[in-house]
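Protein chains in written order, with the numbering used here: chain A, 182 to 457; chain B, 742 to 1012.
Hints are computed from structural coordinates only; laboratory data are not their basis. Take these hints with a grain of salt, some might be off.
[What the hints assert, rightly or not] Here are the computed lysine-lysine pairs in the DSS-like style, where the Cα-Cα straight-line distance is at most 25 Å:
no., chain 1, residue 1, chain 2, residue 2
1, B, 880, A, 451
2, A, 443, B, 987
3, B, 884, A, 348
4, B, 854, B, 987
5, A, 451, B, 936
[To be verified] Computed spacing ranges between beta-carbons, pair by pair:
no., chain 1, residue 1, chain 2, residue 2, range
6, B, 915, A, 390, 43 to 51 Å
7, A, 352, B, 769, 33 to 41 Å
8, A, 217, B, 863, 49 to 57 Å
9, B, 770, A, 317, 51 to 59 Å
10, B, 1005, A, 352, 56 to 64 Å
11, A, 437, B, 885, 45 to 53 Å
12, B, 927, A, 433, 39 to 47 Å
13, A, 209, B, 1003, 34 to 42 Å
14, B, 813, A, 444, 24 to 32 Å
15, B, 871, A, 282, 52 to 60 Å
Note that the structure is a prediction, hence the values are computed from the model and not measured. Don't be surprised by glycine CBs; every beta carbon is placed ideally from N, CA and C.
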Amino acid sequence: MDQTTDRGRIARKKKGLLRLRQDIPDSVFSAAGIVIPVVLFLLWWAVTAMELVRPLFLPSPWSVLEEGWRQLSEGILFADASVSIYRILIGWLAATVVAVPIGILMGNYKLIEGLLEPLISTVRYMPVVALIPLSILWAGIGDGQKILILFLGTFFQQALMIMDNVKNIDLNLIRAGQTLGFTNNEILRRIILPAALPGIWDTFRITIGWTWTYLVVAELVAANAGLGRRIMDAQRYLSTDTILFGTLFIGLLGLLTDYLFKRGGRSLFKWSSQSR
Amino acid sequence: MNSLSKHAARDAKVSIVGVGKNFNVSGRDLVAIEKIDLDIGKNEFVSIVGTSGCGKSTLLNMIGGLDEPTFGEILIDGRPVNGPGRDRGFVFQTYSLFEWMTVEGNIRFALEKSTFSKAEKTELVAHFVHAVGLSGFEKAFPKQLSGGMRQRVAIARALVYKPSILLMDEPFGALDAQTRGMMQELLLQIWDDHKVTVLFVTHDVDEAIFLADRIVVLASRPGRIKKVIPIELERPRSFEVLTDPKFATYKREILADIREETLKLMAMDHS
Ligand SMILES: Nc1ncnc2c1ncn2[C@@H]1O[C@H](COP(=O)(O)OP(=O)(O)OP(=O)(O)O)[C@@H](O)[C@H]1O
Ligand SMILES: [Mg+2]
């Protein structure tokens, strides 16, 4: 008897953590996010400590950390990171400044959607790497070219996503605005825009992540600094510890960006009923 | 039709004259409403019932000017409807509140196009917040309210600028029975205090009878009027009329009508 109640309790507990769309305690949620990285780290450490693979293929965690420390103390890391962050910010902002108005117009006016959607949907499938030669021709080999690549990698997806954000708002909000006597222009600015903003903010968060993933591609050619550049240089000398450190560091910066956007969204859109 | 609609025709607030509506569905014309003729009197409360898909929302949207009739004409105070206007207030089934505005903000937003002075607007907002029983929640955001409270904000928002017609599309559909009953009594009280003409779409026959002066039963595929039933229950009404024998008679008649329509639809689907 005791056993069955025990089993019942365990089953209930398990059900408690795995219910569709149910909140679980914050502490459990945060802890869950650490589990897999910790397991992977331990595996990595074990594999290298037992010398199951050659350091060339997989350097130990300590040598990767050492490499990080070297870059930090020599000032390389700071220099690389600031150049890259600058490029990411400008590239993403440029894409955003164009994508927001275009996405909003596409979401509201069928004609503009009809005009632009086929083009944007086609271009967004074109591989950005393939555009590197053209981007050099157009924008030279300076920062402009890197920013152009980041722009191309971000803009097209972003415009379509913002269009969807705008389309997803409740049609009755617009109708309510009409019955209250507001003009189309007022409805656009004072109802559609604020209603779509939480969704647009989520799009920002997702697309800046994509901008980060294009960093290495952007710094592939003719860059003498940058986090992506450092990784590509290391390839030539097979310094896997530099490659691994660079990759992990980009991931970390991406995580930080994501966190900032999430925090920002939470405090900007306290009123929004979509949980975030 | 009967004596009541003759009375309505004399000073009709809303006249629906030979109105039909076709929708273009993938190249084919779908007849949503075939032909509806109906006069609604000033300050009259009309409930519209009918099977799902018979065109209730379509009719209401056309009166609200949110949709255009394919045939015929809708007149308000004798003038043809040409788009939405502030003479009509709309309450949607989904609460459709502006989430980024407080309760007060939502109601005040509806007054922006009014010519009232600032002080008058503040007073009106306060009055309607109180009228729908939301005192103390002025600064709350819609997300912090229950379904019934949200719908009360929507009603206040639709009434505050003093439209003479209130169009309500299944406004209490998402509420539980208790809240629903309270909202119905509240609505009747507001209707009595503010003298508006109400068109009220519902699936709930009890609700339709409880509220209305007249009930319009729609037939479907294509949508048209099946029957108009005047409800001669005394006012003011409270929940006690629900046990009135006359109430039961009305209910039986309307349920039989709707059932007949549903059976017809099922037969159509099988052939
Ligand atoms: N925008 C539209 N495009 C095409 N068909 C439509 C459109 N709106 C409504 N219809 C069709 O018109 C008919 C009437 O729809 P309507 O929404 O008015 O029904 P209803 O009586 O309000 O139904 P319910 O009780 O389910 O809300 C339906 O057959 C529906 O499919
Ligand atoms: Mg409907």
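Hint-by-hint comparison with the structure:
no.: 1; hint: 880(B) to 451(A); in the structure: holds, 13 Å
no.: 2; hint: 443(A) to 987(B); in the structure: violated, 59 Å
no.: 3; hint: 884(B) to 348(A); in the structure: holds, 21 Å
no.: 4; hint: 854(B) to 987(B); in the structure: violated, 44 Å
no.: 5; hint: 451(A) to 936(B); in the structure: violated, 38 Å
no.: 6; hint: 915(B) to 390(A): 43 to 51 Å; in the structure: violated, 37 Å
no.: 7; hint: 352(A) to 769(B): 33 to 41 Å; in the structure: violated, 23 Å
no.: 8; hint: 217(A) to 863(B): 49 to 57 Å; in the structure: holds, 56 Å
no.: 9; hint: 770(B) to 317(A): 51 to 59 Å; in the structure: holds, 56 Å
no.: 10; hint: 1005(B) to 352(A): 56 to 64 Å; in the structure: violated, 31 Å
no.: 11; hint: 437(A) to 885(B): 45 to 53 Å; in the structure: violated, 31 Å
no.: 12; hint: 927(B) to 433(A): 39 to 47 Å; in the structure: violated, 56 Å
no.: 13; hint: 209(A) to 1003(B): 34 to 42 Å; in the structure: violated, 49 Å
no.: 14; hint: 813(B) to 444(A): 24 to 32 Å; in the structure: violated, 56 Å
no.: 15; hint: 871(B) to 282(A): 52 to 60 Å; in the structure: violated, 42 Å
Taken one by one, the earlier hints fail for this structure at numbers 2, 4, 5, 6, 7, 10, 11, 12, 13, 14, 15, listed in ascending order.
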